[in-house]
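Q: Position chain B relative to chain A; hints supplied.
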Amino acid sequence: MDDDDRIFKALADPTRRYLLDRLFERDGRTLTELESELEMTRFGVMKHLRVLEDAGLVVTRREGREKLHHLNPVPIRLVHDRWIDKYTEHRVAALVNLKNELEETA
Amino acid sequence: MSTMTETGTMHVYEVFIKAPRETVWDALTSPAWATKYGYQCPLEIDLRPGGSYKQLPSDGMKAGGWQGDVVVSGDVLQVEKPSKLVQTFQSHFGGEVDAEGPTRVTFELSEYGPGVTKLRVLHEVENAPLTLVMVTSSEPGMGGGWSWILNDLKSVVETGATLAG
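Read top to bottom, the protein sequences are chains A and B.
Position 42 of the first sequence, counted from 1, bears residue number 41 in numbering that gives the first Met the number 0, the numbering being contiguous throughout.
Position 116 of the second sequence, counted from 1, bears residue number 115 in numbering that gives the first Met the number 0, the numbering being contiguous throughout.
So that you can see chain A by itself, here it is in the shape it has in the complex (with noise of 0.2 angstroms):
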């Protein structure tokens, strides 16, 4: 399995997704917090920790006692930048337009 084998395949489970949302609304969480929001065993959800971290959306570091884990969104990048994004999108322009649009705000 090449890397983008292993992001759509950990991207085509629900629980996988509802993960990675979870860790979008607040990062560095805990394997027991996460297990809270699932119903599902802690086994599950480790296995399908694993499947994200092997596919690199999911990061982890340690924090004293306390291992975080990081949602990663370099590879999803790659692949919205590879495959759905890749025409559409100008970056200067996106720059000068976001900090047009700040100025114009403050």
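Certain hints may be false.
[Unchecked claim] EDC-like mimics (lysine to aspartate or glutamate), calculated; alpha carbons at most 20 angstroms apart, straight line:
hint	chain 1	residue 1	chain 2	residue 2
1	B	K61	A	E102
2	A	K66	B	E123
3	B	K61	A	E100
4	B	K117	A	E52
5	B	K17	A	D53
6	B	K117	A	D3
7	B	K117	A	D53
8	B	K17	A	E38
9	B	K83	A	E62
10	A	K46	A	E36
11	B	K17	A	D2
12	B	K61	A	E103
13	B	K117	A	D2
14	B	K117	A	D1
[To be verified] On the chain A side, residues computed to face chain B include the following (Cβ under 7 angstroms):
hint	residue
15	G27
16	M39
17	V58
18	H69
19	P72
20	R76
21	L77
22	V78
23	D80
24	L101
[As the list claims (entries may be wrong)] Computed far set for chain B versus chain A, every beta-carbon distance over 12 angstroms:
hint	residue
25	T8
26	W32
27	V85
28	G159
The set of hints was computed from the structure by calculation and includes no laboratory data.
All residues carry an ideal CB built from backbone N, CA and C; glycine is no exception.
A: Just chain B now, with coordinates in the frame of chain A:
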């Protein structure tokens, strides 16, 4: 050191790059590389603890009507070549996002395998929700933020070609 205590304010971006850490380090820190990927902003940097950096508007941004001399600036806090770089990040986009003040960015480069670098960017955005929206590009049409920068850095380091068509 980090004083972060609450979860949810540290955001992590990770990418694997088929190149030695020294190459990735150079791509992150040298003015010669800076204009080759991402937003291609010219970089001025004094790469030592207590130094500072500025990202200047690219030609394309100026041609598109960018007003102002600086895009992003910050202080260089920690330099451990080629494994760790800590900087602050101050927006100069204008408006409320600038007023949030500087946030803290840590680059961690680790050797994942022979000739493969794991690059992790940790952006601590406590009390800086607009900065977070900007660097994650979580609104449509914002250009991609860290994800775009890191994917394009990967592409340029590995293949010599930017993803921007």
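Q: For each hint, tell me whether it holds in the structure or not.
A: Verification of the hints:
{"no.": "1", "hint": "B:K61 - A:E102", "in the structure": "holds (16 angstroms)"}
{"no.": "2", "hint": "A:K66 - B:E123", "in the structure": "holds (17 angstroms)"}
{"no.": "3", "hint": "B:K61 - A:E100", "in the structure": "holds (16 angstroms)"}
{"no.": "4", "hint": "B:K117 - A:E52", "in the structure": "holds (14 angstroms)"}
{"no.": "5", "hint": "B:K17 - A:D53", "in the structure": "holds (17 angstroms)"}
{"no.": "6", "hint": "B:K117 - A:D3", "in the structure": "holds (18 angstroms)"}
{"no.": "7", "hint": "B:K117 - A:D53", "in the structure": "holds (14 angstroms)"}
{"no.": "8", "hint": "B:K17 - A:E38", "in the structure": "violated (40 angstroms)"}
{"no.": "9", "hint": "B:K83 - A:E62", "in the structure": "holds (18 angstroms)"}
{"no.": "10", "hint": "A:K46 - A:E36", "in the structure": "holds (15 angstroms)"}
{"no.": "11", "hint": "B:K17 - A:D2", "in the structure": "holds (14 angstroms)"}
{"no.": "12", "hint": "B:K61 - A:E103", "in the structure": "holds (18 angstroms)"}
{"no.": "13", "hint": "B:K117 - A:D2", "in the structure": "holds (15 angstroms)"}
{"no.": "14", "hint": "B:K117 - A:D1", "in the structure": "holds (17 angstroms)"}
{"no.": "15", "hint": "G27", "in the structure": "holds (4 angstroms)"}
{"no.": "16", "hint": "M39", "in the structure": "violated (21 angstroms)"}
{"no.": "17", "hint": "V58", "in the structure": "holds (5 angstroms)"}
{"no.": "18", "hint": "H69", "in the structure": "holds (4 angstroms)"}
{"no.": "19", "hint": "P72", "in the structure": "holds (5 angstroms)"}
{"no.": "20", "hint": "R76", "in the structure": "holds (3 angstroms)"}
{"no.": "21", "hint": "L77", "in the structure": "holds (5 angstroms)"}
{"no.": "22", "hint": "V78", "in the structure": "violated (10 angstroms)"}
{"no.": "23", "hint": "D80", "in the structure": "holds (6 angstroms)"}
{"no.": "24", "hint": "L101", "in the structure": "holds (3 angstroms)"}
{"no.": "25", "hint": "T8", "in the structure": "violated (8 angstroms)"}
{"no.": "26", "hint": "W32", "in the structure": "holds (18 angstroms)"}
{"no.": "27", "hint": "V85", "in the structure": "holds (15 angstroms)"}
{"no.": "28", "hint": "G159", "in the structure": "holds (18 angstroms)"}
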